[in-house]
Amino acid sequence: MKKFDVIVIGAGHAGVESAFAVARLGKQVLLSCTDFGTISYMACNPAIGGTAKGHLVREIDALGGEMGLTADQSLVQIKMLNRAKGPAVFSLRGQQDKNLYHELMVEKLKKAKGITLYEGEAVRIVTEGGRATGVEFASGDIFKCDAVVLASGVYLNGKIITGEYTLSSGPSGYTPATKLTDNLIELGLPMRRFKTGTPARIYRDSIDFSKMEIQLGENTDRFSFMSTMATFEEEPCYLTYTNEETHKIILDNIHRSPLYNGSISGVGPRYCPSIEDKVVRFKDKSRHQIFVEPEGLHSDEMYIQGMSSSLPHDVQEKMYRTLPGLENCRFAKYAYAIEYDCLDPLALKPSLESKAIENLFSAGQVNGSSGYEEAGAQGLMAGVNAVRKIEGKDPFILRRDQAYIGVLIDDLVTKGTNEPYRMMTARAEHRIKLRQDNADMRLTELGYEIGVVGEERYNALQAKKAQMAQILKEAEKTMPKEISDQILTKWDEPIARKTPTLYEMMKRPNARLEDVKALLPFEVDDEALNSVIIECRYSGYLEKEEGIVREQKRLEDKLLPEDIDYSSIKALRIEARQKLDKVRPLNLGQASRISGVSPADIAVLIVYLQKMGK
1 MKKFDVIVIG AGHAGVESAF AVARLGKQVL LSCTDFGTIS YMACNPAIGG
51 TAKGHLVREI DALGGEMGLT ADQSLVQIKM LNRAKGPAVF SLRGQQDKNL
101 YHELMVEKLK KAKGITLYEG EAVRIVTEGG RATGVEFASG DIFKCDAVVL
151 ASGVYLNGKI ITGEYTLSSG PSGYTPATKL TDNLIELGLP MRRFKTGTPA
201 RIYRDSIDFS KMEIQLGENT DRFSFMSTMA TFEEEPCYLT YTNEETHKII
251 LDNIHRSPLY NGSISGVGPR YCPSIEDKVV RFKDKSRHQI FVEPEGLHSD
301 EMYIQGMSSS LPHDVQEKMY RTLPGLENCR FAKYAYAIEY DCLDPLALKP
351 SLESKAIENL FSAGQVNGSS GYEEAGAQGL MAGVNAVRKI EGKDPFILRR
401 DQAYIGVLID DLVTKGTNEP YRMMTARAEH RIKLRQDNAD MRLTELGYEI
451 GVVGEERYNA LQAKKAQMAQ ILKEAEKTMP KEISDQILTK WDEPIARKTP
501 TLYEMMKRPN ARLEDVKALL PFEVDDEALN SVIIECRYSG YLEKEEGIVR
551 EQKRLEDKLL PEDIDYSSIK ALRIEARQKL DKVRPLNLGQ ASRISGVSPA
601 DIAVLIVYLQ KMGK
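Positions 1 to 614 (this note's numbering) are the ones given, in order, by the sequence shown.
Please keep in mind that the hints were generated in silico from the structure rather than gathered at the bench. Heads up, some of the hints might be wrong.
To be verified - In the SDA-like style, the derived pairs of lysine to any residue whose C-alpha atoms are separated by at most 25 Å in a straight line are:
#1 507 with 530
#2 285 with 321
#3 3 with 358
To be verified - Label-pair restraints from in silico Cβ distances:
#4 205 with 85: 35 to 41 Å
#5 539 with 603: 33 to 39 Å
#6 36 with 165: 25 to 31 Å
#7 492 with 210: 36 to 42 Å
#8 84 with 611: 49 to 55 Å
#9 164 with 603: 52 to 58 Å
As the structure is a prediction and not an experimental result, all values here were calculated from the model. Heads up, the beta-carbon is just placed ideally off N, CA and C, and yes, glycines get one too.
With these hints in hand, go ahead and build the complete structure from the sequences.
Okay, structure coming up:
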């Protein structure tokens, strides 16, 4: 059979980004899935981005990925979340036409040089001498390769559960992968069982929107640094609420919920709970927000966000119809829970390569994460590192101070997770530095150096940097006092005793882009100017942050020998020995972040390395 450089198993958000990355690096990749309908399929909410997730989309885009561009091309609404907070946590969230998003991705894959699509169920990863060398499919086809990326999402032994009804299935009735888990266990990969869920889809013409609060987008931003501000037709979302009657129906039928009667064994996401969990866990809340979102432009179906459930159909009908506007709703699809097999991410290296099988990489929900954005970020990194491995190059690893992607992967492979992992701004200790507005400044040159970013994107970054430098040079000039006083009064800021420079003006919390723009004697791009204003505003914090980063990097630069025998270091506590041996950290920085490893343990390691002359 034909040989490929890389085979990607699964064509969801992780698999697609992985395949594109491999192809951009000039390699031949086979992208396989159980059904072409699953390619970039939005099995849950018809949206991209959100708090911290918007940062990931921007970072994927800055590294040449496709998610941001395709999201912009399929928008029905977009807005910036966290406007009331600082720019460090501003996060874009866009409502998508989910069918259009899928169709655009399929079209791009078919046009991409080096990508071959294949429909079939992977049943075995072929290995030789502890190295992945191919994939066998249920059809009997065996394709050889130099590296494999596992991106199977929630399809491994997927089981849909609704009340007493269970079905072996992937999301939305797509075919699950039922044989690969046994092979992964045979190869020495530790597996576990997780669970997620999705709400019902309700026919649009059965909803009374007049009883709900309309939610419109701002539609003034885009995900991709390369997108234009093209207009699109907006679809509004709506807000409604549960009530005491809703909660009573749920509690009266809680014994029929698979979550509470023992039918579900998988661990569910803490930060995206089912409506049953919300009602049981937050008994003091008299109501919960429910967002009604379109599945696409002029779609017949509306997604009822916040109302995921595994209760039986008859209970779902009763509880949904207690919500204002849904009294006469008709169900297009009922809510369900889905259980699936996934890997323990502690079995992966920071490059996302398996510790057990060389040249086997893993990305996305199969690593225990949740969300399209987390999956896409891992997929891109796994694809890049698969190519770098077969080319004999060092892995491309982003640090926690470089990207949310670095935080995401480091959390998974260093700390592990006992529930579906979700990216949040609170997980990033350097979030003032890791803003979504500067993702291109942080990552695009790195992407260009390794080959995943093209000339057009690289040149656009250089133009932006040049304009930012021009703005900063102009900002060094002192302003006429009458103008500065007038603007500071407009901004509701104290009048400066000494006439300020424009740079000092931009440091003010209430500095407005349109006013600064009017003061400049040349035309500027809003995106470049906005980044300058934010950098000015955070300059003091960023200087302190750089000191912390330098100290942390000192630990990151101290590599640990691959063959170090932690069990022989008697000065280490037993727990530390066990945790260090399981994770096998690359350096002292990663070792310091392992749960159960204390600063005293790190000090012991430093002394040990000094004695060994390493």
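Status of the hints after comparison with the structure:
Restraint check: the Cα-Cα separation between residue 507 and residue 530 comes to about 12 Å, which is no more than 25 Å; the hinted pair holds. Between residue 285 and residue 321 the alpha-carbon distance is near 19 Å, which keeps this suggested pair within the 25 Å criterion. Our distance criterion of 25 Å between C-alpha atoms is met by residue 3 and residue 358, whose separation comes to about 18 Å. The hinted range of 35 to 41 Å is satisfied by residue 205 and residue 85, whose Cβ atoms lie roughly 38 Å apart.
At roughly 34 Å, the beta-carbon separation of residue 539 and residue 603 lies within the given 33 to 39 Å, and the hint holds. Look at residue 36 against residue 165: about 27 Å separates their beta carbons, and that is inside 25 to 31 Å. Separation of residue 492 from residue 210 is about 38 Å and conforms to the stated range, judged on CB atoms against 36 to 42 Å. Range check, residue 84 to residue 611: about 54 Å between beta-carbon atoms, so the 49 to 55 Å window is met.
Between residue 164 and residue 603 the CB atoms are about 56 Å apart, so this pair conforms to the stated range of 52 to 58 Å.
Going down the numbered hints, you'll see the structure goes against none, and every one checks out.
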